[in-house]
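Based on the hints, put chain B in the right spot on chain A.
Protein chains in written order, with the numbering used here: chain A, 1 to 173; chain B, 1 to 353.
The hints are simulated quantities; they were obtained by calculation from the structure and are not laboratory data.
Warning: the hint list may mix true and false statements.
Stated by the list, open to error - Only pairs whose alpha carbons sit at most 25 angstroms apart, straight line, appear in this in silico DSS-like list of lysine-lysine:
#1 K155(A) / K42(B)
#2 K31(A) / K150(A)
#3 K217(B) / K205(B)
#4 K4(B) / K145(A)
#5 K86(A) / K42(B)
#6 K42(B) / K4(B)
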Amino acid sequence: MTTQYLLAGFGGQGVLFAGKFLAYLGLTKGKQVSWLPSYGPEMRGGTANCSVIISDDPVGSPIVNASDVLVALNLPSLDKFESAAKPGSTIFVDSTLIGRKVNRADVCAVYVPATQLASDNGMASLANIIMMGKVLAAEDEETVKAALVKAISAKRADMIELNMKAFRIGKSQ
Amino acid sequence: MSDKVLMKGNEAIAEAAIAAGCRHYFGYPITPQNEIGAYMSKRMPKVGGVFLQAESEVAAINMVYGVAGAGKRVMTSSSSPGISLKAEGISYAAGADLPAVIVNIQRGGPGLGGIQPSQADYFQAVKGGGHGDYKLIVLAPASVQEMASLTVKAFELADRYLTPVMILSDGTLGQMMEPVSLDFPQQQVFEKPWALTGTKCARPKNVVNSLHLVAEKLEQKILARYERYKAAEQNEVMCEEYLMDDAEICVVGFGISSRVARSAVNAARAKGIKVGLIRPVTLWPFPDAALKAAAKKVKAFICVECSMGQMIEDVKLATEFSKPIHLVCRSGGVIPSPEEVVGKIEELMINDK
Numbered sequence: 001m002t003t004q005y006l007l008a009g010f011g012g013q014g015v016l017f018a019g020k021f022l023a024y025l026g027l028t029k030g031k032q033v034s035w036l037p038s039y040g041p042e043m044r045g046g047t048a049n050c051s052v053i054i055s056d057d058p059v060g061s062p063i064v065n066a067s068d069v070l071v072a073l074n075l076p077s078l079d080k081f082e083s084a085a086k087p088g089s090t091i092f093v094d095s096t097l098i099g100r101k102v103n104r105a106d107v108c109a110v111y112v113p114a115t116q117l118a119s120d121n122g123m124a125s126l127a128n129i130i131m132m133g134k135v136l137a138a139e140d141e142e143t144v145k146a147a148l149v150k151a152i153s154a155k156r157a158d159m160i161e162l163n164m165k166a167f168r169i170g171k172s173q
Numbered sequence: 001m002s003d004k005v006l007m008k009g010n011e012a013i014a015e016a017a018i019a020a021g022c023r024h025y026f027g028y029p030i031t032p033q034n035e036i037g038a039y040m041s042k043r044m045p046k047v048g049g050v051f052l053q054a055e056s057e058v059a060a061i062n063m064v065y066g067v068a069g070a071g072k073r074v075m076t077s078s079s080s081p082g083i084s085l086k087a088e089g090i091s092y093a094a095g096a097d098l099p100a101v102i103v104n105i106q107r108g109g110p111g112l113g114g115i116q117p118s119q120a121d122y123f124q125a126v127k128g129g130g131h132g133d134y135k136l137i138v139l140a141p142a143s144v145q146e147m148a149s150l151t152v153k154a155f156e157l158a159d160r161y162l163t164p165v166m167i168l169s170d171g172t173l174g175q176m177m178e179p180v181s182l183d184f185p186q187q188q189v190f191e192k193p194w195a196l197t198g199t200k201c202a203r204p205k206n207v208v209n210s211l212h213l214v215a216e217k218l219e220q221k222i223l224a225r226y227e228r229y230k231a232a233e234q235n236e237v238m239c240e241e242y243l244m245d246d247a248e249i250c251v252v253g254f255g256i257s258s259r260v261a262r263s264a265v266n267a268a269r270a271k272g273i274k275v276g277l278i279r280p281v282t283l284w285p286f287p288d289a290a291l292k293a294a295a296k297k298v299k300a301f302i303c304v305e306c307s308m309g310q311m312i313e314d315v316k317l318a319t320e321f322s323k324p325i326h327l328v329c330r331s332g333g334v335i336p337s338p339e340e341v342v343g344k345i346e347e348l349m350i351n352d353k
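Okay, chain A solo, but in the shape it has when bound (with noise of 0.2 angstroms):
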């Protein structure tokens, strides 16, 4: 079984370290995971995306054409790569910041307001974690904690807690 992510949305929107916290989470359950992020003068105030692979096999190629899961936190990331989602997918959408709906049939919409959440339990800067949180509302607390806690790096380990609750916000969507 292999599930092939596609994170898109705007620089600074913690895209990549999102994409990072669900490789670890895929490392912690013994998966092989890739996390291979978009680099170049688009990143600079543009839009930011990262491919995350996890699957029971060997990764073959780290590059997403056609998603099994597109979040997408920022219209232009919609736009981009809703054509691109596999016929079956699901397409996370941040409805705070995209004013509209999924246009394909075939795939499976799913909308969170997760700019406004985050806003709204003042933790603006978090809005990534709780769409993951949404996206992951199956995985345990705890192989979420051990992959936080790998992601995050040790001098912000005050922040574990906080992206903990920013999860269970997601998750309780």
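Just chain B, lined up with the frame of chain A:
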């Protein structure tokens, strides 16, 4: 797997170099390999090593020449245009029989090109780059784990064969994170009686030089070097074979292309097509024997490359043009998709019927 950490390929190279005893790193910034220099700038001072951002690539490679001449393990890294600038220094190091590790995290070229991943420096790495009769041992990692383990290997090969060794990778492998284990085997210590360590008035002076004005003397130097190359060809060839036992089509790719090829082989196998993969790990010495053996049993080869087709020439030579060899390639920083490779595999199967 709990002992594994996620690291970028570039960081894994830097950490592995330090683990291999490299305490001197010289470089000049260029995307997409800047994580190597950044990592070295943080770590080297903590392990008593030297990180130095040179004023140019040319300066950096000549600092490498100096440290290698003093008998210490040393590394520089750059990306395609920067490697072209280093070419003169690489030729000098080869001509002076100096062990050093040079990392090329390739980007699209020619010229300044772009910053997206490429494999178009294959010829430069494998066939020359600098002037004169010399070879580089060229290693092509295909995972972050191999970025680490082959870097350690590169230092060993450099010391054993007294030659610069190149890690030929690309922006994708440099930028991506994968789990990596940083436990490396104990390093062999190589005696370097030729190194410039000071005579202390106790021995004749050593000379490290690539200038030999008497033709016969220069030829002797070259012949001795080619004896070492011969030994490397006999002892150091590395390649991976994947699902080749019953394969009728053999896909060939190195580095990031081999990852794409592996996905394509899996997808084609799921459709019942007998296809396998040969992945050269050493690009020089090239795995001629594995490809020659494959040519005896497969109907055709497909080379997958992020260039207009460079490695394919070595596949043709290795297989002595005995089977059709096809190419799936993208260039300029674009990576072929597994679907493009599967498309070619299916096309060959249809034409075969």
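task = Could you tell me which of the hints above the structure violates, numbers in ascending order?
result = 5
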